[in-house]
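Q: Below, each chain spelled out in residue letters.
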Amino acid sequence: MCESCVDRIFSSGPAPCPVAGCHKTLRKNRFRKQTFEDINVEREVDIRKRVMHILNRREEEFDNKRAYDDFLEQREEMISNLVYGNDVAKTEADLKKYAAANMDSIKANQALESKETASFLERQAIEQEQARLRRQAARQEYDNERREMLADRENILSRLAAGKPGDAAAIAREGQKVLLKKSSARRSEEDRMRQKQAALRGVEARRAGAGQQPTTADADSEASSLIKGLKKIKPPEPEKPYDPFGGFNPDKRDYYVLQDYYPSSWLDRIRDDVRMQAGGYDLREYYSRTLLETFAGLGCFIEDEVSNRNNTTLPVSKSAHSQGIGTDVF
Amino acid sequence: MIEDDIYRSSTQFRLWSFTRDSLQSLRANTNALAVERIRATQRRVREAVRSTTPSTVEASTPNPSDAEGGGKPDVIARKDVVCLTPEEELEFVGYYCEQTLELGETYKPSLPTAVRATAIQYLRRFYITNSVMTYHPKSIMPCALFLATKSDHYYMPLQEFANGVPGITNSDEVIAPEFNLTKGLRFTFDVRHPFRGLEGGVMELQAIAQGSGKPGPHHPEKTPEGLMQALLAVTPLDSSPDKQRSIAIRIAKAHSKAREILKTAAQMTDAYFLYTPSQIWFSAFLLADRPLAEFYLDIKIGPPAADDGVNADSTSPLTLIRAKLVSTLSNCSQLLKSYRPVSSDPDKRKSLKGIAKKVYQCQQVEKLDPVGLGRAQKRGSGTPASATGPVGGADAISESDMERVAKKRRLERERKEKETRDIFGGELVAQRNKGAAM
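Those protein sequences? They're chains G and W, same order as listed.
If you're matching positions, the first sequence starts at 1 in the working numbering and goes up one per residue.
If you're matching positions, the second sequence starts at 331 in the working numbering and goes up one per residue.
No lab work stands behind these hints, which were simulated from the structure alone.
Just so it is clear, the structure is predicted and the values come from calculations on it, not from any experiment.
Careful: at least some of the hints might be erroneous.
Stated by the list, open to error - Partial pick of chain W residues on the chain G-facing surface, computed with a CB cut under 10 angstroms:
1. Asp335
2. Arg338
3. Ser340
4. Asp351
5. Gln354
6. Asn500
7. Glu529
8. Gly530
9. Ser542
10. Gly543
11. Pro545
12. Leu604
13. Phe612
14. Pro647
15. Lys654
Where a beta carbon is used, it is the ideal one built from N, C-alpha and C, also for glycine.
Just chain W, same shape as in the assembly:
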């Protein structure tokens, strides 16, 4: 099928499609690496503390109440930080995905659904290979949303955007983790959403309902009138009478229902990684109006082989696709159905609070890392990967760094001045040596 080949060339299929197992193992691996890193950091902190104030560490007595405060290095050094499991990480990311939706609502006018969905997918993609213990979603989330406004052609000035984000005073804080985010996205910004696909399907169904729908290229024997009759004959959801007027309303109802599912459940689950956009919208449509969705599948791909295995050609690609689609779509609808919003679930809220506390602890450890301080990220500095230091933004640039840079600049200036005084310029060899040294 040509359409499928077109989709296969997208980065969403090539880089961001996983099986359930590979997705799970990737997340477990990311989590294990992050835990390992935190443990190593803690060891370094412990050694640093011991070397500076050996007496105080030995003298102080363990105090469990200090664990809550967590500000003092000796306390953190002594007690092992409780790290997150991959499941907890996923839950935490899910919470921030919901936050993304809410943040998008706060703007006037609120951000388009596609922009918010793109931001959510950026977050989900980013946290496959990065841990919430390393990069706190609190800072990544606004950045992802801002990036989504850019990649989805919804222009918004940075200042205006930053004003809408609670807890952010400086607009630079929004874009501080941008490079790390894009790196985590493997520089692929294209997200294929199921929204437009749903619109297309509804458009075709409405056309059929009006009797002007064209049959698919593989079923030239069907006529628009026949299609309309078949659509009218679809078993109704409830016992409402069948009239052409009501079928249009029914389609519109199913449309809005499916759209709601796509806006929430499809975003909050792993559907984008496990299924293609067209499968996702078909599944959502199945949930919204099963007979209608099945009718649409039948006229497009043909009836399922199980029903009339006699005359169906089992080798034709359409029949094969239909056979596989049945299970794939039902799996996908199961996944979509399984979603429960966090706000409606008090147990989830409680567990989320626990997770947030743990993440906070991990962040405290990071902050004390004697090595990490020197390696603090700064935006646009061009330092390679180093998934080490926390994304602190502009304030993370340490004092010593600033001094060193200033000194370097001063030296450079002095050298330039000296050279301009010299008639024939500076010595060539000496200059080269200097350059190499720097």
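Just chain G, with the same shape it has in the complex:
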């Protein structure tokens, strides 16, 4: 459609499509300039762009290469369906459903993509800038060189003009030598510069590589029915509070519950004695030790446990003994 027709029909807000049989409502701002000469190519590009925008899963989200390839194939199939008009309604419904279900992951991937492109563009700009600077430096170098050469020549000439005729050959030789020296110094300087730049570039490349770490997109856990083979991403468990004893309670006792006070006439005296308390003596220490000793070992039955202990050690020596006999006999 030509620009003036668009202006004419749609300048007063959305209007139905002027093509006969098409009942879509169109808006002016959705119109744009045609890029390709063939309208079909243009249409396919549009569709592709839209589908790619929705089905924007990345390779690292899949279990393996095969699953990713399947996904790509599926995407192509959907695009071709839309382009060639097969199953348009179903494909559209699928797409819409998928878009609704995976809003978050789509958004995240889009953000990632835009970030990537941004960083790519940035890097490109930097590289261009650097190239420009290099070129400039080279040009300046060249200019300097030329200027110097001219100045030297002039100098020699003036000395030749002022000097005695006998010195001419010596002056010419000297001038030549100076020139040579300068050029060799320059060359070595250039080498050094080049090496420096190469090293710099290497560092930059590495830095860029480090910055380009694949960020794991947090795809939503509800596996979409459309795409198969997605990695199961489980959210990390919330960290438990730190427990130095690994679940063991060192104050737990099986026979008694420690009290803060026990009636005892001679312990009460200690409780009130400032001389004893001043050093930090705590009667509860005595309580805990005493009560522990009250019950420690109550359930240890030496008659059983020690004889078990002996039994476990005895058979070993016995068998060793019989083995020894066996080797003696045979």
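Got chain G sorted already, so can you dock chain W onto it with the hints?
A: Chain W in isolation, oriented as in the chain G frame:
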């Protein structure tokens, strides 16, 4: 049960707990080895005597009265020494355990009960693997007591301690057998006594009597008031009326009675080897006041399964422990009850005199041992085990030993002097050879 696991990690449980049979066989084995050693010594003495004075041995006539004196080598050589049986050894050790108690009393102030009990246990542990025929308890006993003052944080200077020990003039005599003693103890000095356990139990009972006792972690349904009521309902020992005041007195009485048992009977019997400290104090408490002790066991571990086997869970650890405890505690109380002090038993005194005589004979044989003389123990010499020579202390170092040491030192000094005179020091190779030779 966590408390039991804590006890299981102690050396008393790991190294010094035995069954009755293993304890008996260990003692029999020790006795047999000691007897064998004395016989071997006697053979050596006999040969030595024969080689030096063959004519006198043949010429002399047997004289039974000489056996009492026993000083002359030919007499001992001829007559076989009567050795002790394991039972006699145990009785002899028991006598010295009582002596330990008495010795502890002589100090001003007298040594704490725990120190004396530790010393007694050291003695008992030591004489499981060593025989009284080899090491006379007379020298070991003060050493054990002194060691106990150190390991139980009851500081006492050695000189002061030695002054209190009768029959000892030099303080070095006290510590002379110390290394052998610690070796016999397998370098484990920790003795778990039942005294503090008894204090804890009484503390809890008093708290219950005041109505402030907390129920055990396995019986959260009980209340302090309920516990107090139950304690008041415990059947009285005699027909005294029940009042809160009197229950406290009753607990105190049972406490002192049980403590007395722990001080004496628990020390003088094998209770420490056969039972754990908490079982020992429970048994003593059972002897002192059976209803009270049973009440305490019931609230702590639950009633015995035999009484209400209907609702008790037979697989729960508490029920299992309670079932085993009944027989263990009764065995332990039997053992504690069986103790009779030596002083109250004239027959025992008489038999002890006989044993002492036999031990003396054995010591005489040891003294004559031509090999043993050279191997006499000296404290801190670092000589390995050698449960051979008698523990004679400082005086046991023989003359020849002293001479040899002196000569060695002199040679060393001379060599050093020669080396200092030499500008470049001694010859390296020669020095090494010398060192190896020495």
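Q: Against this structure, judge whether each hint is valid.
A: These are the hints, each one checked on the structure:
At a threshold of 10 angstroms, the smallest CB-CB gap from W/Asp335 to chain G is about 9 angstroms, leaving the interface hint in force. Checking W/Arg338 against chain G: minimum C-beta separation of about 6 angstroms stays under 10 angstroms; hint holds. For the restraint placing W/Ser340 at the interface with chain G, the shortest Cβ-Cβ distance is roughly 8 angstroms, inside the 10 angstroms limit, so the hint holds. Because the beta carbon of W/Asp351 sits about 8 angstroms from the nearest beta carbon in chain G, less than 10 angstroms, this interface hint is met.
Evaluation of the W/Gln354 hint against chain G yields a violated restraint, the C-beta minimum of about 13 angstroms exceeding 10 angstroms. A distance limit of 10 angstroms between C-beta atoms decides the matter here; for W/Asn500 the minimum to chain G is near 39 angstroms, and the interface restraint is violated. Below 10 angstroms, beta-carbon pairs count as interface contacts, and W/Glu529 has one with chain G at about 5 angstroms; its hint therefore holds. Evaluation of the W/Gly530 hint against chain G yields a held restraint, the C-beta minimum of about 3 angstroms falling below 10 angstroms.
For W/Ser542, the suggested interface contact is upheld, since its CB lies about 7 angstroms from the closest CB of chain G, less than 10 angstroms. Checking W/Gly543 against chain G: minimum C-beta separation of about 8 angstroms stays under 10 angstroms; hint holds. The beta carbon of W/Pro545 is positioned within 10 angstroms of a beta carbon in chain G (closest approach about 7 angstroms), and the interface hint is therefore held. Contact between W/Leu604 and chain G, as hinted, is supported at the beta carbon level, the nearest pair being about 6 angstroms apart and thus within 10 angstroms.
The beta carbon of W/Phe612 comes within 7 angstroms of a beta carbon in chain G, closer than 10 angstroms, and the hint placing it at the interface holds. Interface restraint check: W/Pro647 against chain G, minimum CB-CB distance 8 angstroms, threshold 10 angstroms, status holds. Contact between W/Lys654 and chain G, as hinted, is supported at the beta carbon level, the nearest pair being about 5 angstroms apart and thus within 10 angstroms.
This entry does not satisfy hints 5 and 6, going by the numbered hints stated previously.
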